[in-house]
Amino acid sequence: MFQKRFYEWSRESDERIRHAGVLALSAIVLAYPYSVPSFLPEVLMQLCPHTSDKQPMQGTAKKALSEFKRTHQDSWHEHKMQFSEDQLSILTDLLVSPNYYV
1 MFQKRFYEWS
11 RESDERIRHA
21 GVLALSAIVL
31 AYPYSVPSFL
41 PEVLMQLCPH
51 TSDKQPMQGT
61 AKKALSEFKR
71 THQDSWHEHK
81 MQFSEDQLSI
91 LTDLLVSPNY
101 YV
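Start counting the sequence shown at 1; every next residue gets the next number (the working numbering).
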C-alpha cells in the first residue's frame, strides 16, 4: 500500500515530492540489509531510473543501491534467486563497474 504511494511520489514533476518518494523507496531498501523480501526487487527497479535523475534524487538512489550491493554481496548466490533475469540485468548494469582492457 505505502510502496505504491511512494512510487507515485517518485514520479512527480515537483522535485520535493519526487525526492520524498525516492527517500521513502530508499528507506524500504535499507530496512532489509541482509534479506530480500518478495517485494524488494520491484522497489529496487523503481529506484533504478533515479540514478540518472537530477540531484538530490540521483545521489539518494545511488547511495541506496550501493548500500544494497554492499550488504547483500556475501549471500548474493541466494539473494539473486528473488530477481527475474531482466531485473538482474538492470542491477548488474548499475552496480558493476565495467572492465576496460587495453
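Careful: at least some of the hints might be erroneous.
What the hints assert, rightly or not - Within a straight-line C-alpha distance of at most 30 Å, the following computed DSS-like cross-link-like pairs (lysine-lysine) qualify: (1) Lys4 / Lys54; (2) Lys62 / Lys4; (3) Lys63 / Lys4; (4) Lys4 / Lys69; (5) Lys54 / Lys69; (6) Lys63 / Lys80; (7) Lys69 / Lys80; (8) Lys62 / Lys80; (9) Lys80 / Lys4.
Hints listed in this document are in silico derivations from the structure and should not be mistaken for laboratory results.
key: Violated hints, by number in ascending order, as checked against the structure   = Hint check: nothing fails, all pass.
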